[in-house]
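Given these sequences and hints, build the entire structure.
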Amino acid sequence: MTPDIRPALPTEYDAVGELTAAAYANDGFTPPGSDYSRTLAAAADRAAKAELWVAANGTELLGTVTFCPVGSVYREIGRDDEGEFRMLGVAAAARGLGIGTLLTEHCIQRSRDLGFTRVVMSSAQAMTTAHRIYERLGFTRLPERDWSPRPGVDLYAFTLDL
Numbered sequence: 008m009t010p011d012i013r014p015a016l017p018t019e020y021d022a023v024g025e026l027t028a029a030a031y032a033n034d035g036f037t038p039p040g041s042d043y044s045r046t047l048a049a050a051a052d053r054a055a056k057a058e059l060w061v062a063a064n065g066t067e068l069l070g071t072v073t074f075c076p077v078g079s080v081y082r083e084i085g086r087d088d089e090g091e092f093r094m095l096g097v098a099a100a101a102r103g104l105g106i107g108t109l110l111t112e113h114c115i116q117r118s119r120d121l122g123f124t125r126v127v128m129s130s131a132q133a134m135t136t137a138h139r140i141y142e143r144l145g146f147t148r149l150p151e152r153d154w155s156p157r158p159g160v161d162l163y164a165f166t167l168d169l
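This note's numbering numbers the first residue of the sequence shown as 8 and each following residue consecutively.
FYI, nobody ran anything at the bench for these hints, they're computed from the structure. Beta carbons: idealized from backbone N, C-alpha and C, even for Gly. Do not take every clue at face value.
[What the hints assert, rightly or not] Simulated restraints on C-beta separations:
no.	residue 1	residue 2	range
1	Ser-155	Asp-87	19 to 29 Å
2	Arg-45	Ser-155	18 to 28 Å
3	Thr-66	Ser-155	37 to 47 Å
What follows is the structure, encoded as structure tokens:
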């Protein structure tokens, strides 16, 4: 069964935040209790200031992604003609089921629906599994927009022309 991709419900915000923070922590990308771990857990804030999407089988949450429209405080590298997404996380039990691909495809389609000419996103250098998903979907590196939110955290930029 293909999971539904839909906006997160307010009753799910805590669980979505926990899923996102756990996905990053389990892969060793964020230490528990770090500032970024708290940002990942703040799903209600993302829902209020961006678009918070989930992949779900009924009430079972499989993954989540934040789509960042123009004007969202969650946008990092997107220009006005570009879609942008971030904070993609997949539940441990749903790894290897294509959930990350489905959520990325949703963000691509959302960008098309909004009339953007491309979609961009940032990913930590160490997130090589995610990089393979993006490359398989046609994303290419955008090195002129690589950046670092703080010392020791280097982010690669990726783009897909629509």
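Pairwise beta carbon distance, Ser-155 to Asp-87, judged against the given window 19 to 29 Å: holds (23 Å)
C-beta pair Thr-66, Ser-155: status relative to the range 37 to 47 Å that was hinted: holds (38 Å)
Consistency of beta-carbon spacing, Ser-155 to Arg-45, with hint 18 to 28 Å: holds (20 Å)
In summary, this structure violates none of the numbered hints.
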